[in-house]
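Protein sequence lines, in the order shown, are assigned to chains A and B.
Taking the working numbering, the leading residue of the first sequence gets 34, the next gets one more, and so forth.
Taking the working numbering, the leading residue of the second sequence gets 14, the next gets one more, and so forth.
Please note: incorrect hints may appear among the correct ones.
[Unchecked claim] Straight-line distance between alpha carbons at most 25 Å, and here's what the computed DMTMM-like set of lysine to aspartate or glutamate pairs gives:
no.	chain 1	residue 1	chain 2	residue 2
1	B	Lys48	B	Glu99
2	A	Lys86	B	Asp115
3	B	Lys155	B	Glu94
4	B	Lys72	A	Glu176
5	A	Lys92	B	Glu152
6	B	Lys72	B	Asp149
7	A	Lys132	B	Asp88
8	A	Lys132	B	Glu166
9	A	Lys86	B	Asp92
10	A	Lys92	B	Glu145
11	B	Lys155	B	Glu95
12	B	Lys48	B	Asp24
13	B	Lys72	B	Glu150
14	A	Lys172	A	Glu54
15	B	Lys72	B	Asp92
16	A	Lys132	A	Glu142
17	A	Lys86	A	Glu98
18	A	Lys132	A	Glu54
19	A	Lys92	B	Asp149
20	A	Lys172	A	Glu115
21	B	Lys155	B	Glu145
22	A	Lys92	B	Glu166
23	A	Lys132	A	Asp95
24	A	Lys132	B	Glu145
25	A	Lys132	B	Glu99
26	A	Lys132	B	Asp127
27	A	Lys86	B	Glu95
28	B	Lys155	B	Glu166
29	B	Lys72	A	Glu101
30	A	Lys132	A	Glu163
31	A	Lys86	B	Asp88
32	A	Lys132	B	Glu150
In short, the hints are calculated from the structure, not lab data.
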Amino acid sequence: MPITDHQLATLRAQLAGQMDEHERLLDQLETEESQAGYIALVTAAFFEAVDRKFIINDKVADDAEVIEFIAYQRSAHPVAAEQMDPTVAEQVVLHALDKGPISEDIDGETLLGTKILLLAALMAEADLGESELDIFLAKARAEADEHVG
Amino acid sequence: MTASPLSHVTDMHVAALRTILAEGPEEWIEQYGEKIGSEVNTGYSLLVYYALGEALRRKFSPTYTTPQVIRFVADLRLDLEEYAHELDPRVAEGLIRYSLGDEAFSGRPPFGVDEVTMARAQILLLLILVLEEDFDEAELEKFIQNSAALARERGVVRQDDSRNA
Numbered sequence: 034m035p036i037t038d039h040q041l042a043t044l045r046a047q048l049a050g051q052m053d054e055h056e057r058l059l060d061q062l063e064t065e066e067s068q069a070g071y072i073a074l075v076t077a078a079f080f081e082a083v084d085r086k087f088i089i090n091d092k093v094a095d096d097a098e099v100i101e102f103i104a105y106q107r108s109a110h111p112v113a114a115e116q117m118d119p120t121v122a123e124q125v126v127l128h129a130l131d132k133g134p135i136s137e138d139i140d141g142e143t144l145l146g147t148k149i150l151l152l153a154a155l156m157a158e159a160d161l162g163e164s165e166l167d168i169f170l171a172k173a174r175a176e177a178d179e180h181v182g
Numbered sequence: 014m015t016a017s018p019l020s021h022v023t024d025m026h027v028a029a030l031r032t033i034l035a036e037g038p039e040e041w042i043e044q045y046g047e048k049i050g051s052e053v054n055t056g057y058s059l060l061v062y063y064a065l066g067e068a069l070r071r072k073f074s075p076t077y078t079t080p081q082v083i084r085f086v087a088d089l090r091l092d093l094e095e096y097a098h099e100l101d102p103r104v105a106e107g108l109i110r111y112s113l114g115d116e117a118f119s120g121r122p123p124f125g126v127d128e129v130t131m132a133r134a135q136i137l138l139l140l141i142l143v144l145e146e147d148f149d150e151a152e153l154e155k156f157i158q159n160s161a162a163l164a165r166e167r168g169v170v171r172q173d174d175s176r177n178a
């Protein structure tokens with residue numbers, strides 16, 4: 034099932050920092066199918082945000098830039114420091130850049146939680162305006178649609 | 014707590030620590046790698062643990078913040094360049110915060126990793142901290158002897174709470 038407007042609005046609210054609205058919309062994603070679609074959208078947005086940050090003019094950033102980004106985010110935000118495992122976060126970003134595997138020891142919930150935290154950090158840094166955010170989300174939606182079909 | 018018979022620091026362990034800190038890991042492997050690797054006595058690990066604790070207290074005293082620890086580990090790994098993955102950042106941060114008695118930190122060694130990952134993180138951290146100290150020969154010897162005295166006095170490292178050991 035394609036990504037719905039509701040799923041898109043849920044992620045948009047989060048990325049725009051409207052957390053009450055995000056929570057309200059998230060609570061309405063009740064069926065397994067709608068939750069799976071939302072996870073696909075978050076994952077696609079995460080990949081899009083990683084590419085945006087770490088691939089410049091077709092050149093993929095080196096590992097040091099990834100280490101630096103995660104260390105910076107964790108040292109700047111104490112909550113992220115505790116919630117974001119640096120080992121997992123680095124693996125998740127490097128994997129998104131096709132630069133390495135993700136350990137099989139990491140469970141799905143941790144992976145998703147890490148992607149959500151990283152996505153928030155990447156988007157906060159990108160500081161997109163309204164229309165740029167819409168373009169970003171449209172790309173993520175198209176990407177997710179290809180996966181959930 | 015007194016040292017267990019399976020975990021006491023011998024003169025050979027002290028000499029081995031001196032070798033790795035003064036002459037480097039390659040010399041250590043040549044002289045002690047096999048000897049210590051085949052020992053049942055875990056005194057050498059104990060000694061390294063207390064030496065690391067000493068080095069960390071010197072580095073992060075009197076106070077420190079979690080962002081400083083994160084930054085320190087990240088810089089160390091950036092210095093390691095293509096070997097950055099040899100030092101697990103979560104384990105390194107955990108070791109530092111646990112050793113310093115950070116009450117806000119709930120992790121406990123071995124942080125869910127295997128012995129090799131732990132040992133590697135401990136040695137890498139210890140080597141870099143000692144390098145940063147730029148000890149002369151007498152200062153290094155004092156550091157080693159202090160670490161050995163602490164390890165012998167306080168004994169085994171318990172995973173539940175070594176800080177009270």
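Structure-based check of each hint:
With a C-alpha separation of about 24 Å, the suggested pair lysine 48 of chain B and glutamate 99 of chain B falls inside the 25 Å cut-off, and the hint holds. Distance check on the hinted pair: lysine 86 of chain A and aspartate 115 of chain B sit about 34 Å apart at the alpha-carbon level, beyond 25 Å; violated. Our distance criterion of 25 Å between C-alpha atoms is broken by lysine 155 of chain B and glutamate 94 of chain B, whose separation comes to about 32 Å. A C-alpha spacing of about 48 Å is found between lysine 72 of chain B and glutamate 176 of chain A, which places the hinted pair above 25 Å, so the restraint is violated.
Under the criterion of a C-alpha separation no larger than 25 Å, the hint pairing lysine 92 of chain A with glutamate 152 of chain B is inconsistent with the structure, at around 48 Å. Proximity of lysine 72 of chain B to aspartate 149 of chain B is assessed by CA-CA distance (about 17 Å); at most 25 Å being required, the pair is judged to hold. Taken as a hint, the lysine 132 of chain A and aspartate 88 of chain B pair is honoured in the structure, with Cα atoms around 21 Å apart against an allowance of 25 Å. For the hint linking lysine 132 of chain A to glutamate 166 of chain B, the alpha-carbon distance of about 47 Å lies beyond 25 Å, and the restraint is violated.
Note on lysine 86 of chain A and aspartate 92 of chain B: the hinted pairing holds, with a Cα-Cα distance of about 23 Å set against a maximum of 25 Å. Between the alpha carbons of lysine 92 of chain A and glutamate 145 of chain B the distance comes to roughly 35 Å, so the proposed pair goes past 25 Å and is violated. Among the hinted pairs, lysine 155 of chain B with glutamate 95 of chain B is inconsistent with the structure: their alpha-carbon atoms are about 34 Å apart, more than 25 Å. Proposed proximity of lysine 48 of chain B and aspartate 24 of chain B is supported: the alpha carbons are some 13 Å apart, at most 25 Å.
Proposed proximity of lysine 72 of chain B and glutamate 150 of chain B is supported: the alpha carbons are some 19 Å apart, at most 25 Å. In summary, the hint linking lysine 172 of chain A to glutamate 54 of chain A is supported, as the alpha carbons are separated by about 22 Å, within the 25 Å threshold. Straight-line distance between C-alpha atoms of lysine 72 of chain B and aspartate 92 of chain B comes to about 18 Å, which keeps the hinted pair within the 25 Å bound. Distance restraint check for lysine 132 of chain A and glutamate 142 of chain A: the Cα-Cα separation of roughly 22 Å lies within the 25 Å cut-off, and the hinted pair is therefore satisfied.
Straight-line distance between C-alpha atoms of lysine 86 of chain A and glutamate 98 of chain A comes to about 10 Å, which keeps the hinted pair within the 25 Å bound. Among the hinted pairs, lysine 132 of chain A with glutamate 54 of chain A is inconsistent with the structure: their alpha-carbon atoms are about 36 Å apart, more than 25 Å. Proximity of lysine 92 of chain A to aspartate 149 of chain B is assessed by CA-CA distance (about 45 Å); at most 25 Å being required, the pair is judged violated. About 31 Å separates the Cα atoms of lysine 172 of chain A and glutamate 115 of chain A, which puts this hinted pair outside 25 Å; it is violated.
Proposed proximity of lysine 155 of chain B and glutamate 145 of chain B is supported: the alpha carbons are some 16 Å apart, at most 25 Å. A C-alpha spacing of about 55 Å is found between lysine 92 of chain A and glutamate 166 of chain B, which places the hinted pair above 25 Å, so the restraint is violated. The suggested pairing of lysine 132 of chain A with aspartate 95 of chain A holds, with an alpha-carbon distance near 9 Å, which does not exceed 25 Å. For the proposed pair lysine 132 of chain A and glutamate 145 of chain B, the alpha carbon gap of about 32 Å is over 25 Å, so the pair is violated.
The suggested pairing of lysine 132 of chain A with glutamate 99 of chain B holds, with an alpha-carbon distance near 16 Å, which does not exceed 25 Å. For the hint linking lysine 132 of chain A to aspartate 127 of chain B, the alpha-carbon distance of about 24 Å falls within 25 Å, and the restraint holds. A hinted pair counts as satisfied when its Cα atoms are at most 25 Å apart, and lysine 86 of chain A with glutamate 95 of chain B qualifies at roughly 21 Å. At roughly 16 Å between alpha-carbon atoms, lysine 155 of chain B and glutamate 166 of chain B fall within 25 Å of each other, so this suggested pair holds.
Note on lysine 72 of chain B and glutamate 101 of chain A: the hinted pairing holds, with a Cα-Cα distance of about 22 Å set against a maximum of 25 Å. Distance restraint check for lysine 132 of chain A and glutamate 163 of chain A: the Cα-Cα separation of roughly 32 Å exceeds the 25 Å cut-off, and the hinted pair is therefore not satisfied. A hinted pair counts as satisfied when its Cα atoms are at most 25 Å apart, and lysine 86 of chain A with aspartate 88 of chain B qualifies at roughly 21 Å. About 43 Å separates the Cα atoms of lysine 132 of chain A and glutamate 150 of chain B, which puts this hinted pair outside 25 Å; it is violated.
Of the numbered hints stated above, those contradicted by the structure are hints 2, 3, 4, 5, 8, 10, 11, 18, 19, 20, 22, 24, 30 and 32, listed in ascending order.
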